[in-house]
Amino acid sequence: MLLQILDYLGVAVFAVAGSIVASRRGLDFIAFLFFATLTGIGGGTLRDLLLGVPVFWTVDERYLLVCLAVSIFMWFFAHHIERLGKPVRWADACGLAAYSVMGAAKAMSVGDTVLVAVLMGVATATFGGILRDTVAGEPSAIMKPELYVSAAFAGAGSYVALTLLGFNIWIAALAGIVLALFLRGGAIERGWTLPVYKSRSPKEPN
Amino acid sequence: MLLQILDYLGVAVFAVAGSIVASRRGLDFIAFLFFATLTGIGGGTLRDLLLGVPVFWTVDERYLLVCLAVSIFMWFFAHHIERLGKPVRWADACGLAAYSVMGAAKAMSVGDTVLVAVLMGVATATFGGILRDTVAGEPSAIMKPELYVSAAFAGAGSYVALTLLGFNIWIAALAGIVLALFLRGGAIERGWTLPVYKSRSPKEPN
Amino acid sequence: MLLQILDYLGVAVFAVAGSIVASRRGLDFIAFLFFATLTGIGGGTLRDLLLGVPVFWTVDERYLLVCLAVSIFMWFFAHHIERLGKPVRWADACGLAAYSVMGAAKAMSVGDTVLVAVLMGVATATFGGILRDTVAGEPSAIMKPELYVSAAFAGAGSYVALTLLGFNIWIAALAGIVLALFLRGGAIERGWTLPVYKSRSPKEPN
Chain X
1 MLLQILDYLG VAVFAVAGSI VASRRGLDFI AFLFFATLTG IGGGTLRDLL LGVPVFWTVD
61 ERYLLVCLAV SIFMWFFAHH IERLGKPVRW ADACGLAAYS VMGAAKAMSV GDTVLVAVLM
121 GVATATFGGI LRDTVAGEPS AIMKPELYVS AAFAGAGSYV ALTLLGFNIW IAALAGIVLA
181 LFLRGGAIER GWTLPVYKSR SPKEPN
Chain A
1 MLLQILDYLG VAVFAVAGSI VASRRGLDFI AFLFFATLTG IGGGTLRDLL LGVPVFWTVD
61 ERYLLVCLAV SIFMWFFAHH IERLGKPVRW ADACGLAAYS VMGAAKAMSV GDTVLVAVLM
121 GVATATFGGI LRDTVAGEPS AIMKPELYVS AAFAGAGSYV ALTLLGFNIW IAALAGIVLA
181 LFLRGGAIER GWTLPVYKSR SPKEPN
Chain F
1 MLLQILDYLG VAVFAVAGSI VASRRGLDFI AFLFFATLTG IGGGTLRDLL LGVPVFWTVD
61 ERYLLVCLAV SIFMWFFAHH IERLGKPVRW ADACGLAAYS VMGAAKAMSV GDTVLVAVLM
121 GVATATFGGI LRDTVAGEPS AIMKPELYVS AAFAGAGSYV ALTLLGFNIW IAALAGIVLA
181 LFLRGGAIER GWTLPVYKSR SPKEPN
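Chains as they are written, first to last, in UniProt numbering: chain X, 1 to 206; chain A, 1 to 206; chain F, 1 to 206.
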């Protein structure tokens, strides 16, 4: 029950992050709805397609209602939400952290293996945002050094590792969420990045 | 039988709209084929994957033959088709209208629920074009205020609503197609748009 | 057994081509991993989703280990690999040739028809690269006149055609691979292109 509510909250948070693309570009309401839905359910949709299980929102369409409600809310209040600034990014960070663990957990529940579970966690947490940026023609999170995909990676990875080590899944989930949130929070508040690749030779045309 | 012919016609119309991207950029024949196929079958492919049913063109490969035939035709006659101007846009509008209803109808036939059916109608009608524009690096229809995705939405929505109200499915289908065509036609001939979001606060970096 | 090793090699070669995007842009290690995995397994993933069979790397996660190993290797040695220049492009060409035939063969093995098999060969060989370029915001191979998608097309097409004519599948596979490699090699060494479409009328706004 609590998990279910958290799940809707996760979709809602990502839908907010999606519809902000539409508000910044000054698009129409249908674009709000499009980007809210694409970002809100994109990652989970990819996960379910790859796992070969029914896509979650075709089974329970309340997820779509959440995206619709967020779009309507954002159409009227996006300028207030934008003004919040960091709270929006923290909400997005919570979504990222929660989904990295929930994606990995869903993959493990259908009998997949370790690396697949980690990858599914990362995909669930980040694919919606990457899709949104690609369609909108903006550089996606993967092209920036800021911790983002890596935070999802750490969350999904630590959940899977702790589960395999025999820890209770609630403890493993909590640890994964806290780690992902800590890393992403560091990126938001302190600009944490990973070291980037430095070319040690002049670039040649390929 | 009539429905089947309409279905091939829909793929053909979208394939024309796809191959025009290749002709405008002065690409080679394989690019004609690629964009014709991507645009012609992209929306229906997404719909079938999400619904978990066999992808339509893996069952009946005549859809691929349609895309091939359109590519060959366009390779020789794209400049004549381009010269038509508005007729091309009207053909595309017919495809959009027909597919919004057919996508929703297919979703309802496999037992999905209301919102899912509407979403499938919109996806079938618009995803091929969005995919084409994203791969070609052009701004997609979703980024423009012109009625496009919204016309598909109105078509799929009214079809689903009328069906639920107990209307005969043929009447519901006709009403949905006419409404979508009317809205998209208004966008083509009169430049109809939806109101866009106006920011009421200075933009802040997120 | 040999086939299996060739399959891992194909994923590895594409993963190298993917991680080079990350090294050229000076991104972090997670981006190396992301682009290596997206490019390495993207084409085969699309093929399996469209065919409705379990996605290959969810069944055998050694494919993911290959992508991980390539990413680590490239993180340390990308500048040496870049310096090789043409050998990288030839390795990519080998991947393209091998996958065009293997994609078509997998499609035929699950009972699909001729055109579908050819399309699956092309998709397996080229989709990973197209996805990589689209996410990275670069013009993809399909937008260039150079033989690339067309080489995959020739490889998959000749494999399917020879199989239907009753040739032994190993001979058909060899012929398809050699043909694709010959065409792609010609593009690399001699700049072979297909003729492009020349507009014969002034462009009109659509």
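Please note that a few of the clues may not be correct.
[Claimed, not checked] Calculated pairs, PhoX-like style, for lysine-lysine (alpha carbon to alpha carbon, straight line, at most 25 Å):
no., chain 1, residue 1, chain 2, residue 2
1, F, Lys144, A, Lys86
2, X, Lys86, X, Lys144
3, A, Lys144, A, Lys198
4, A, Lys86, A, Lys144
5, X, Lys86, A, Lys144
6, X, Lys198, X, Lys144
7, F, Lys86, F, Lys144
8, F, Lys198, F, Lys144
9, F, Lys86, X, Lys198
[Said to hold, decoys possible] Listed below are several chain X residues computed to face chain A (Cβ distance under 7 Å; list not exhaustive):
no., residue
10, Gly26
11, Phe34
12, Val59
13, Leu64
14, Ala161
15, Thr163
[To be verified] Which stretches of chain F does chain X cover? Using the computed rule of at least three CB atoms under 8 Å from a CB of chain X, they are:
no., stretch
16, 31-38
17, 64-75
Simulated from the structure, these hints should not be mistaken for lab results.
Quick reminder that beta carbons are idealized off the backbone N, C-alpha and C, glycines included.
Violating hint indices (sorted, rising): Per hint list: 1, 5, 12, 14, 15 violated.
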